[in-house]
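Each protein sequence line maps, in turn, to chains A and B.
Under the working numbering, the letters of the first sequence match residues 1 to 320, in that order.
Under the working numbering, the letters of the second sequence match residues 1 to 374, in that order.
Honestly, the hints are just simulated from the structure, not real lab data.
Predicted model, so just to flag it, every value in this text is computed and none were measured.
From the three backbone atoms N, C-alpha and C, an ideal C-beta is built for every residue, glycine too.
Please note that the accuracy of each hint is not assured.
As the list claims (entries may be wrong) - A few chain B residues that don't get close to chain A, going by computed Cβ distances all over 12 Å:
{"hint": "1", "residue": "L172"}
{"hint": "2", "residue": "R258"}
{"hint": "3", "residue": "I308"}
{"hint": "4", "residue": "A335"}
{"hint": "5", "residue": "A343"}
To be verified - Computed beta-carbon distance windows for the label pairs:
{"hint": "6", "chain 1": "A", "residue 1": "K125", "chain 2": "B", "residue 2": "S133", "range": "40 to 48 Å"}
{"hint": "7", "chain 1": "A", "residue 1": "A56", "chain 2": "B", "residue 2": "D329", "range": "39 to 47 Å"}
{"hint": "8", "chain 1": "A", "residue 1": "A67", "chain 2": "B", "residue 2": "R362", "range": "39 to 47 Å"}
{"hint": "9", "chain 1": "B", "residue 1": "E13", "chain 2": "A", "residue 2": "A119", "range": "52 to 60 Å"}
{"hint": "10", "chain 1": "A", "residue 1": "V93", "chain 2": "B", "residue 2": "G294", "range": "32 to 40 Å"}
{"hint": "11", "chain 1": "A", "residue 1": "P290", "chain 2": "B", "residue 2": "R208", "range": "43 to 51 Å"}
What the hints assert, rightly or not - Here chain B is said to cover these stretches of chain A; the calculated rule only asks that three of the stretch's residues, wherever they fall, bring their Cβ under 8 Å from a Cβ of chain B:
{"hint": "12", "stretch": "161-172"}
{"hint": "13", "stretch": "219-225"}
{"hint": "14", "stretch": "238-251"}
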Amino acid sequence: MAELREIQLRIRLTGGHEQAVTLREDAPELLAMFTALSTPLPEDHLIQLPLDGGRAACSFRTSQIVAIVSEPPVVTVLRKTPVAEKSAHVTRVRRPRFTIIDDFLGPQEHRELLAFALASEEQFKAGSVTSYDPDQRQNLVILGFGESVHSRLIQNRLLVWFPLLAKTFAMPVFPLAVVESQLTAAGEGHYFKVHNDDAPNCPRVLSSVYYLHRAPRGFAGGELRLYDSIDTGGVRRPAETFTAVEPVANRLVVFPSEEFHEAMPVRCPSREFADNRFAVTTWLHRAASPDPAATFGWGHFRCGVAAPQFAGRPHVRDAA
Amino acid sequence: VIYTVFCTSAGAEAQWQSELLEYSWGRARQPGELVRLVASRPGDTLPRHRLARVVETLCWSPHPYTGDAYPPYNKAAALLEWQFAEQIDGTVLLLEPQCVFRSSVTAEVGRGQVAGTAWADWSPGDGPFGLPSSHFAFLERFCVDRTLELPAVTMPLLIHSCDLRRLAARWLELMGILRAESANSPTGPLANADEVAYAIAAAENGIRHDVAEFGVATDAAQSVAPVLDYRRPVLSALGEIAWDPATYRNGDSVHAERAAPGVGRELLTLLAEFVARSEQGPGLAFLRPCRRKGVREGKILGSLFLDIPGRADTVSLNSSGAAIWEVCDGDRTLAEINRDLEARFGMPSGSLRVDIEAVIGRLERIGALRLEPA
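Just chain B, same shape as in the assembly:
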């Protein structure tokens, strides 16, 4: 199983990025599960998704002990919490939220192996871990073996859940140390403490890393990488900013033709398609309800019961629910299910839609169904 995982805050600004990632995940027919880890504070409203499972985690930015505001703390902390709570066993595809799928990732990795994107900004030196001693000499005090070679990879990366579990706490700890120790330097706290901390934690745990072409930035002319990272603006053929993720607001119209041909234009084309789809409505009509693996059904005296993995109780469906469940075969879209049931019960067009969507939404929430793009 491949778990595609990304972490965000609970703020509204992360929602369109998360929905775009979700849309591209479904469009690419990425196998496995999509998980959004949400670093939340008391009182935050958790976002909802059609395809992604939302997991609430503790908020670590600002750092609870140093007060340092640095969003990557949330990533390592959320991964630590998620792995600790769920103890999953499988391949994890770690993404930044500003990523979309161009195609599916099907390769899995075993324990002790990681495949990651080349770390372009990696700058070796003569200090601990082969880092520049001018900036990293302090690591001598906090790391047992400073001779380890660091893996020069970054996200997106594929890592086994067991390895993620082993290194996440150290990743989070080192990030805090790197930021605190560099806070008084002329350039301020280390901006890429996230990448450096990950690399040290991975090296200390003896996890082998291979470079793979997983991610591509918007300025590339072409690439076979399955994931597109749009943290940088998309440029026009004249080198001007044609689209900037920092200023884009959800629902704004997108002009793909303004971008230079290449990966940047591909992103804007996808975004325009996503915006158009969003304008069509809640989007349920183009989704296919599929029964989740492991869900078992049984009939007792004419009543239908569902046994759902992870739930202690069985779920009883009434006759309407059972009729809907029976047509959720993974082939029919919600629109087709509406039509089939309306014909079967002789009801006017559109009269059952609200009820059917409510039942399917509930079956999705309790883990009996997942909604996949048509």
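Same shape as in the complex, but just chain A:
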């Protein structure tokens, strides 16, 4: 895979203004600007470009773009635009909701989990979605990982974070039915195409991915892409634009299960199992009805009911 280039842009705006900025060629803003230039959208959009290493930003509307001079030249293949369809419904594009927790486990816990993954090579099987579909997903998985003692390390810690994560995503703390875990190994060429985790018969509400790999890292790629979503009359689909998260060891990424996401192909030149990108994926399932007796994690936590202090809480509130 070729190195991603830095593209120097001079953006000419209405009124004779010009802004110079450098973006990576996979920056979603680049695609958004060229899309706006080629296909004027019915709705005007805000573009925000980071300047000065992120310490400042330049903001303008897509309708203000007159021309873009790029160096080196950029020829963008424009696919169908996210909101070009004519519809009686209002179309909304929404950024993905997610949060990153680095140093999620202690360093020894992380080492212990990695050692478990490396010692479990024989237990990994080809991952499937609802049925085995190599076009959609290629990786190896231990489906029963959730029953292991090692999964409790992550589950119990995740439950400690759960009320805060719910507050972050402005969702109520919900009673849990199941905490489901998988351990996956992604080696050379492995990927998982765009999908989301919720389904009518599978009430996953929060998804998390915990990364582990040995150091130095023996793979490249494997980023998690969280896609903007397009909502047209209540029907959601992924946009072309996304935010990428690096699979850094001991990092947990959490997002509502309805968010569209993709695990990008992994390149693992050594093709050794130990150089794979390992990940523990954990889902919190909402209970259809509260169960005060259900215990989770190490067995101390009764999360089958929402605690009274969180019930009916307005989750986004400004401090005085």
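On the provided structure of chain A, position chain B as indicated by the hints.
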């Protein structure tokens, strides 16, 4: 930057302690920011402070999953939430709310280093982490490496925000485990689960701890520690209780002379001074409005605008607001500002006070000003 941080509930009983801590923080000219984390339930009214910034956090006592009522859950949970939300980078001075400043703390710590107060009740044993196996054998099931040496320190402590961020969730998790596993013991749930959980979480994250003389209790004869911890009663020279924090009510008169000479009497002297100041009124008159760092001002066609760090919008001041802003130079007290503006506009004494205080209060709330003691 040193962030002085303490955590309380939203209840009225915590208010006088918080105000006393705030008063001593200003009196000691402690540099940095004072932050009160308030574990609140839906419907709670958030307290207000002149100097301290109030941050609302989720309530964790009783524990949301075990029902165990144990206020220290709120501390670890509030610190976790605050660090997660604000991602600050600096030194954090962690205090219990029943603390006051005797002098300022100016030393800062780097990542991986903590300076804390010696843990007086620390009792080593032959079990996991060097704890007594009779009480802590269960930790074998929940901790990967039980051979780690625990730091025998407790609060007050100075810790880097990055380290606090790394250990807070584990601290909270372990507290729940320690309390749940010891619930059926003859002595009941572990009373010092807070300290033990902190020590294990710190050890697991490989954070080095040094003992420093930060805190002193009320029974000490003398100390150079900058922070006074008054969780224990103050005793008289005859060993009787001269003052008890558990029964004290805000505004009650204080008789410092009843305490034995030493740190306890020093506390009561400070408390008496605080009560006297509180009786003088809202206290604004002895505060100096200071412009916060990073606030930039600009003029466009004669109008004054403020660009305040952390705010997406700029704030426009009308001519009265601009006149007040211009005299908030950090040197003048509010009383002096009142006098200056009354003289400048030829107004009778006291006629502008309410308006000036309203504008300064608003500028404080939006982060343009901070009020420091004169």
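Do the hints match the structure? See the list:
no., hint, in the structure
1, L172, "violated (5 Å)"
2, R258, "holds (37 Å)"
3, I308, "holds (15 Å)"
4, A335, "holds (25 Å)"
5, A343, "holds (34 Å)"
6, A/K125 to B/S133: 40 to 48 Å, "holds (41 Å)"
7, A/A56 to B/D329: 39 to 47 Å, "violated (29 Å)"
8, A/A67 to B/R362: 39 to 47 Å, "holds (45 Å)"
9, B/E13 to A/A119: 52 to 60 Å, "holds (53 Å)"
10, A/V93 to B/G294: 32 to 40 Å, "holds (33 Å)"
11, A/P290 to B/R208: 43 to 51 Å, "holds (45 Å)"
12, 161-172, "holds (count 5)"
13, 219-225, "violated (count 0)"
14, 238-251, "violated (count 0)"
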